[in-house]
Structure formats: structure tokens, C-alpha cells
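Residue numbers (our numbering), protein chains in the order written: chain A, 73 to 420; chain B, 73 to 420.
One thing to keep in mind: the hints can contain errors.
If chains are identical, the list can't say which one is meant, so a pair holds when it fits in one copy or spans any two.
Stated by the list, open to error - Computed cross-link-like contacts, DSBU-like style, restricted to lysine-lysine with a CA-CA straight-line distance of at most 30 Å:
{"no.": "1", "residue 1": "Lys329", "residue 2": "Lys359"}
{"no.": "2", "residue 1": "Lys203", "residue 2": "Lys235"}
{"no.": "3", "residue 1": "Lys119", "residue 2": "Lys235"}
{"no.": "4", "residue 1": "Lys365", "residue 2": "Lys102"}
{"no.": "5", "residue 1": "Lys365", "residue 2": "Lys203"}
{"no.": "6", "residue 1": "Lys235", "residue 2": "Lys329"}
{"no.": "7", "residue 1": "Lys203", "residue 2": "Lys119"}
{"no.": "8", "residue 1": "Lys270", "residue 2": "Lys329"}
{"no.": "9", "residue 1": "Lys270", "residue 2": "Lys101"}
{"no.": "10", "residue 1": "Lys270", "residue 2": "Lys95"}
{"no.": "11", "residue 1": "Lys392", "residue 2": "Lys119"}
Just so you know, the hints here were simulated from the structure itself, not pulled from any lab data.
Protein chains: 2
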Amino acid sequence: MRVRTRVLLLAVAIALPCSAQDKRRDEIKKPLVLASQGSFFVGGESKSVTGGEITVNQMYVQYQIPPNADQHAPVVMVHGCCLSSKTWETTPDGRMGWNEYLVRKNRSVYLADQVSRARSGFDGSIINAVKAGTLPPSQLPNVLTASHQVAWSVFRFGPSFNKPFPDGQFPIEAVDELYKQMIPDLNSLLPSPNPTWKNMAALAVRLHGAVLVGHSESGFFPEQAALIDPSGVKGIVSIEMPCVTTLAPPQVSMLAKIPTLIMFGDHLGDVQGGPANWTTSFDSCQKFVQQLKDAGGNAEMMHLPKLGIRGNSHMLMQDKNNLQLADLILNWIDDHVEGKKGGGSHRR
Amino acid sequence: MRVRTRVLLLAVAIALPCSAQDKRRDEIKKPLVLASQGSFFVGGESKSVTGGEITVNQMYVQYQIPPNADQHAPVVMVHGCCLSSKTWETTPDGRMGWNEYLVRKNRSVYLADQVSRARSGFDGSIINAVKAGTLPPSQLPNVLTASHQVAWSVFRFGPSFNKPFPDGQFPIEAVDELYKQMIPDLNSLLPSPNPTWKNMAALAVRLHGAVLVGHSESGFFPEQAALIDPSGVKGIVSIEMPCVTTLAPPQVSMLAKIPTLIMFGDHLGDVQGGPANWTTSFDSCQKFVQQLKDAGGNAEMMHLPKLGIRGNSHMLMQDKNNLQLADLILNWIDDHVEGKKGGGSHRR
């Protein structure tokens, strides 16, 4: 009987969710229920080319709305350089991405492909003009294609190529699947200011208020969108990018009205070579957070190692602890954007 | 009392689904339940470029699996020229696309962006080489960008630009939203045979059997995939494209083992000018269907006007009667692929 009881207790212990990690794992196994889903475009204008008109500068957006979406502000996520919205979906090793996890946490989620990338398309007319000889090759866009080597260093998978950090959170055994996500970046074709910024601001208005999330190349896009039109921007989450610290005081004051979270992972100074300098980026964002605070803003620098969370790469939405990090962001939104701890001057 | 009864009867009549159309409309309002969803890549290989290696020829696939998916074969859908998987999603006027409708009809749905398009990315190294002067401009890809004018004629929205057919099924008031879906087509960069074909065949095998659906540029891709490896191809749905009628007899025999549906819309000969010749395409597919039948195949040409269904454009998955057409395809799959009327030699 004693043995039996022990076995029973053990079975109960295994069956019960005994940690946040287990709870998360059980939750995400349930069927996913959606009130609705779909896709649409924001922005876009006609341009005359040989043979008629084409549409350029439109931004493709894919969304899912859970049944209890009205509990929370919608979340708009925009990917970084040489990537698409795939960034936020199934991780390279096949785990759930932030897109679905946030829906399961009762948030409407909007994934945007940057203007000139992926399903948003790009203006190909210059390439044809150079091929036809009516424009010189110097007019071609600079196509940014991150090689495996560049990705390894910029995304901080390890100190040098193919040598991972021992405590690295990125699922390095599936790095080849990440390389497949990396697609040419034609942002050099875009007019200035980048139409993605205006489109993000317009999307936030269309949604009657949203939290904007950017990463890497797009990390400061939520701020840039808010500088164009802050009226729909209820909160900003900026992940791993250089911050602009030269904004004019009225711009800083405008941004200070929007609760802002900045998140950085681990090993910022531990990679040799490569085009990124993450300690400089981190320092610029610390300065930016201080500027917002000095202007009365509700701004936070969340440096994961400071919370005891170690080994996170630049692709932290794909790291092994990605859902733990998602919870950190969601809790921050609940507290700082949706009012449980004040802030959010754009609350509705 | 008599008046009251009449009002009541009228109310009941309005409330009850009184037609297939009404039934469809009610069904699609319910919350959507998914067993799972996600995205992944098929194929892809490393290529050495200046600065390291990149991955090319991978195919991005997004999927949704309903709770009762085991009732039916999975469906893989591949879009046409100058488009992405957006083709199958929310229509330009905001109605439900085939992607979600099929999931609601208990099919697992897999949407693939063609290799070199949208989230599948493309090989941008040639553009950089021409810009750097190491390759001549003649080596640039021919970027296919369909202008509004070309789209109007090829997609058969009306006899001439901005003049719609009076009975046209395309939601022409939202044509600007379709134009936003049209993105540069870089298939001219691809090696031969087109890697999308091999990737589609591999995907069908990975799914332990699937129905492959192609449209326009990709209309004959299911056949091309099956010619590479038929083992996973349980059925083929080819929509509006030119058919290859010069296959060798062993190739025709191989394809004849796979139930095949070909679908064409209306107004095939009613558009002036433009690069497409839909009557020629239709004739080639009638010949192809006959070739399959002569080889003992289960093949069908479904010409919608012959069924009394009028006004369908080339973009029939976005037309106002798109769900009616989806039902035609699903019924055909049930009958001819899943065995209710025999055929399907690749059944499992």
C-alpha cells in the first residue's frame, strides 16, 4: 500500500503543472480558438512604369483575433533585417512562436511584412530599367543578404562562426532552418521616411490603439511610427537595436507619453567581429530610456541577464525560453500599458 | 393573429438557412478551432557568395490543421505569377478566402510561397554583382511586375481596362486591394527545373499524401511535382493555366494514375489584348485531359459556364462566389481522390 501510495503521489506530481514552464507547456497543447483571422494591406500608392501603373509601398498584415481579444490591446509585430514575419512564427526547432502564444494569451496579433519585403513586395522597376540600359548599374539597390556567417555574429549565437555559447538559448541544432528565413532586404529602394513607419502608425489608428513591437532593424520603428502619428500607439516594445538619442526635445516629450519597454539579451560584448556592435546599441538605448524618463516618461530597459536570465541571443523570440520572455513582455504590457501600474496616457 | 403568424413565419424563414449560400455564411461565422498551426521550409541549399554562404531555393509553407483533419487529405495550395500566398487568404473585399474555408471543411491546409517569391526569399547576389560591376546588366533577372493594366486583362475583369464585365464575379470595387497583392516575380532567377516543383513533391511526401492545387503560373506545378515524384500526390487541382500537351507517353501514364481536376472560369475569349490567351490555354488543357483519359486516367475539365456558373474571373478564389467554387473542388476531392467514386490509386 505504501509503495502504491508513493506511485500515486508521483503520478499526481507528474500530471500536475508544477512550474510556470509546465503550465505554459500544457496550455499551448490545447486547441486554438480564433474569433477571426485574415490578412490585408496598409498604405500603398500607384506609380507609373513602362506598361502602366504598379502599386508600391504597401504593407502586408496577417492577423488572428482570439475570442477574448477585448481584454487587451492588439499587438503589432514587425520583423528585422533580412527576415520576414516568419520571425514570430514556429521557431527553427519547431516550437510555438510569439504570434500564436500571444493569441492564446487573449491578444489580437498583427504581423506585418516590412514594405519592400516578402508579401509586401517591392518596386522592381529599377532592376528592369538597368537591365534595359536606361539606368546605370550604380542605381541598383544594395541588396542586403545576411550570410550564415554574418547571421551567426549579428545574432550572437557564439563567439565565432559555428562555435556556440555553452549557455546559449538559441536552438543551435536548428540553425539551418533559421538561415532559410533570411531573405534579401531591399530597404535601400525605399523613399525617406521609410513607408513602413507611416503604415505602422496608420495600422495602430485603424486598430483603435495598439502596442507596437519592433526588433533589430525595425526595433526603433515603433518610435518612428509614433513620431509620425502617436494617436494609435498605446505602448512600445523595442527589442535589440540601436536607439536614436538625437531626437529634438518636443519629439522626446511626445514619445515620453507612450509607455516604452526596451529589451536586450545576453552576451552583448562576447562576439568577435561582425557588422553589429551590441554594447554600443545597448548604451544608446540606456541613454534613450533616460531621456524618456527625464521627460516624465514610463520607460524601462529590460536587460535579461540583470533578471538572472542568461544566454539569450539576438533572436530571442526564437530562443528556447521564448515563451518565458513573451510572458515578461505581456506582464509589462498589462502593468504599464493597460494601466495596472499607471502610465499609458493613450489608454482608451 | 393571422398577421402575427405570418410575421413569425417570415422571421423563421429569414433565420433558417434556406440555401447553400446561407448555410455557408452561417458556418463561417462560428469561431475557428485549430488543432495546430505553424510554418516551416521545404528544400533549400547553401550557396557561396561574397562574404560567406547563403541559403537559396527554400520554400516557405504556412499551415493550419483542424481538429478533424484525419477525415480528409491535406491540401497544398501554390499561388500564381506576381502574387504570393495572399492569393488564398482574405479576398480583396474582405471575405473569407479558400485557406480558412477549407480548414473549416476539415482539411489541413498548406500555403506555399513559390521559391524566389515573398517569404521564400530569392537569390539577390546577381543584383549585387551587377551593381559592383563584376557582372553585366544583361545578367540581371527579368523582374515580372504585372501592371494594373496587365492584371485587368490577364485576370479577365472586363473587356478593356477599367470596364468590368456586367456579370463579373470579381469584387471589382476592391480591385485596388488586389493590386497591392501583386509583387515582383523573380522566377527568371531560378535554376531549371524550378525548385518549387521538387519542394511541392517533397512536401506531399512529408504529409503522407496530399492534394496539390496550382493556379495560373503554378497551375501545372502539381503535374510537374508529380513527374518528379508522384508518391505523395493523391490528387491534382489545376486552375486556369496553359497545359503541357507534349509529355512523353510514360509521363502521361504516370500522371494518369492521379485523379486530376482542371478548372476554368468565364469570358475566356472576351478580353481585348493583353499577354494571355485563355482560349488557347483552355484548348491545351482539354487536350491534356483527353490524353489522361486515353491513358486510363480519372481526369475532369470543369468549365464553370458549362455548369451554369457565369462571370468568373481568373482570380476565381477571390470571386464573389468563391466558396461555392471551393465546395465544387472539395466535392470533387471527396468523390475522386478520397474514393467515393473510385480513382485515387495513391490512396492510403
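Here is how each hint holds up against the structure:
1. Taking CA atoms no more than 30 Å apart as the test, Lys329 paired with Lys359 passes inside one copy only; the shortest distance there is 17 Å, against 67 Å between copies.
2. When the C-alpha separation of Lys203 and Lys235 is checked against a cutoff of 30 Å, the pair qualifies neither within a copy, at 41 Å, nor between copies, at 33 Å.
3. For a Cα distance limit of 30 Å, the shortest separation of Lys119 from Lys235 across copies, 21 Å, qualifies, whereas the shortest one inside one copy, 47 Å, does not.
4. In this assembly of identical chains, Lys365 and Lys102 lie within 30 Å of each other by CA distance neither inside one copy nor across copies; the values are 41 Å within and 46 Å between.
5. Within a single copy, Lys365 and Lys203 get their C-alpha atoms no closer than 52 Å, and across copies no closer than 45 Å, so neither meets the 30 Å cut-off.
6. In this homomeric assembly, Lys235 and Lys329 never come within 30 Å of each other (Cα to Cα): the closest approach is 43 Å inside a single copy and 50 Å across copies.
7. When the C-alpha separation of Lys203 and Lys119 is checked against a cutoff of 30 Å, the pair qualifies both within a copy, at 19 Å, and between copies, at 24 Å.
8. Only within a single protomer do Lys270 and Lys329 lie at most 30 Å apart by alpha-carbon distance; the minimum there is 19 Å, versus 53 Å between protomers.
9. Neither within a single protomer nor between protomers do Lys270 and Lys101 lie at most 30 Å apart by alpha-carbon distance, with minima of 37 Å and 32 Å respectively.
10. For the identical chains of this complex, Lys270 and Lys95 are neighbours neither inside a copy (39 Å) nor across copies (41 Å), given an alpha-carbon limit of 30 Å.
11. For the identical chains of this complex, Lys392 and Lys119 are inter-copy neighbours only, at 28 Å across copies versus 44 Å inside a copy, given an alpha-carbon limit of 30 Å.
Checked against the numbered hints above, the structure breaks hints 2, 4, 5, 6, 9, 10 and satisfies the rest.
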